[in-house]
Amino acid sequence: MEQTHKAIQDSIREKAKELLSSKKVDVIVGFGEGTLPLRATPIFIRSQEEADRLIWNSYCENNLATYLYKLSQFKVGLVVKGCDARSVIALSREKRFKHDQLYLIGVPCQRMVDRRKVKKAVKGEILRVGEQGDEITVEGEDFKKVLKRDDFLYPSCQVCIHRTPAKADVLVGNPAEESPLVEVHPDVKDFEKMSPEERWRYFEKEAGRCIRCYACREACPMCYCTECFVDSSNPKWIDKGLSPSDVDFYHIVRAYHQSGRCSGCGACERACPMEIKLTYLTQKLNQDVKELFGFETGVDPDASPPLSTYDIEDRQEFIK
Amino acid sequence: MPFLQSLMDEYDLFAPAQLAEGVSVYKKIDQTEEVDLSISNAQKPAKEIFFPQSETMFRYEKAGKESRITSTEEIKRNRILLGARPCDIQAFSLIDHVFAGKEYTDTYYVNKRKATTIIGMGCDHPLSTCFCSSLNGGPFQREGSDLFLIDLGESYLVELLTEKGMAFQKNKFFEEANEKEISLAKGVEGKAAEKIKAAIPVEGIEKRLDQMMESPYWDRVQEKCLGCRVCTYLCPTCHCFDIMDEARTNKGRRVRNWDSCLSSLYSQETSGHNPRPTNRERTRQRLMHKFNYFPKNFDRIACVGCGRCTLYCPAHFDIRQTIKEIQEGGDK
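Heads up: the protein sequence lines correspond to chains A and B, in order.
Per the working numbering, the first sequence starts with residue 1, numbered consecutively.
Per the working numbering, the second sequence starts with residue 1001, numbered consecutively.
Keep in mind that the hints were calculated from the coordinates and are not lab data.
Quick caveat, the model's predicted, so the values are computed rather than measured.
Note that CB positions come from ideal geometry on N, CA and C, so glycine has one too.
There may be inaccurate statements among the hints.
[What the hints assert, rightly or not] Pulled from the structure, derived: some chain B residues nowhere near chain A, Cβ distances all over 12 angstroms:
| no. | residue |
| --- | --- |
| 1 | Asp-1009 |
| 2 | Leu-1019 |
| 3 | Phe-1058 |
| 4 | Glu-1179 |
| 5 | Cys-1231 |
| 6 | Asp-1245 |
| 7 | Phe-1298 |
| 8 | Thr-1310 |
[Claimed, not checked] To spell it out: a stretch of chain A is covered by chain B in this simulated footprint if at least three of its residues, at any positions, have a beta carbon under 8 angstroms from a beta carbon of chain B; those stretches are:
| no. | stretch |
| --- | --- |
| 9 | 33-45 |
| 10 | 117-131 |
| 11 | 181-188 |
| 12 | 213-227 |
| 13 | 273-283 |
With these hints in hand, go ahead and build the complete structure from the sequences.
Set out below in structure tokens:
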């Protein structure tokens, strides 16, 4: 894995330098070294000299498409994984940017490592982390542990079948094999087995930890409303405290607003400081949209998102 | 456990508890089993005990021509805050300046604060993100605690530090500590102090920031900030709130909820004008308030070095790095 990462990293840097020197882009949005083990951080590179700060590893977990709204004045070179590229296509369908504004540096993704799961596998603070082949080595003050990488991947990455970015302007690395590690998202699988009452209890328990920091909303490229319904004061749709009815309402609307738009990248769940499970809802909706309408977000750039198009022939059997 | 039960018989007990694996908060304890003192620092800081995220200020009701207001100010039962770490406790002394300072008295905060005995706890496993010792704190700082616990493995060494703490002098669960235990505690304390390696250069940062209001540095700082509220809500010293009425036909309540300077709504005026229109002004505000305005007003930096903002930021913004960069003059 470390060689794959190294090769990708080299190609990203090389491409970034080329794009910046030829002034094809004003800024490259990619990943830089984090200050803590198991973390990478979004960086914005504006000159060739800085391009060597770009990195690639198992912790490039953010969906960088979320920064596009801030960069509407610039030509942007965006480093994208498969899921991020699908968000870009979905955003493009929603006319969120001009086509010549964006250059996609596509990384065939090796699936990202779930830093929290890794942390929970050891006692004590992880101070160093390394990767050899399909193993992750974590070290602390008085421990060293080797973990099997495949056992520590984000749920959304385990089910991913679009690792290679579609419609990228350049691919840095060989296309990845598109088969899922598990057929069904593990949390969706559990959720589907539950009775409606159990589902509600599970949802309430998860949402019950919400502190309304809106990190899930901000991390998501598709959450770009100028005024989110939770922030509107006239009319006021929702109160701002921690009453379960308000918190639940936020989470339900957030999830529903994503159906047919969510790329399943999992950025919302990774952003949550309270570790609230979120993707079991969005991924379940994705599955439903796929089954009912044969649509997957951002796979076919010409396909119309089913929930934002109207057709006289639309099936209506769900209207009772 | 019998000790915890005895506390609950007499007080409302607040302590860290896990809500899910690895996710904890300080909350009112209903069952002694909920208390989890093994957590080195809960996600949500202990400020919540005095300044809840969402708090009813009063209730109102209108029946015919009569209207009735019910106060929620009074704290009916004394409280214990158990297991708070020195960083969170130091943060109380900072928020005190705002809510219980010379200019204003916030009844809601002060009533809870007065009714509470704080049982602090030595932080024997500080993380690499901790830098309390750079901000006049330390993993075993006693200041602000009424009693102080040091984990000796099989037992706790308890120090009674204030009048409120001395009320526990005759507590039947406490035994006189012997010399071996006292020296063991010293060992634990020494080891923890050694662990905090990060020395963050905060000296003179206020003056440095005086010169940086219009610095291009803020353009760089704001770039990766998503504009969520994680760092402010999880910060033990952030204390902004917003007041709203939650009304239903003839009755309702006035509520105050935590608010965050990183939200665009925070500074938006009724006219629609926003004096902090972009992330640049908002991230600058967050840092300026902690390292410039607060020191100007109260002669203290509004950061205790708990590391939460660094640990939980979804974009991995590291405040230690930012402090260093500011001290080096930003981007120049």
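Earlier hints that do not hold, by number: 2, 5, 6, 8 and 11
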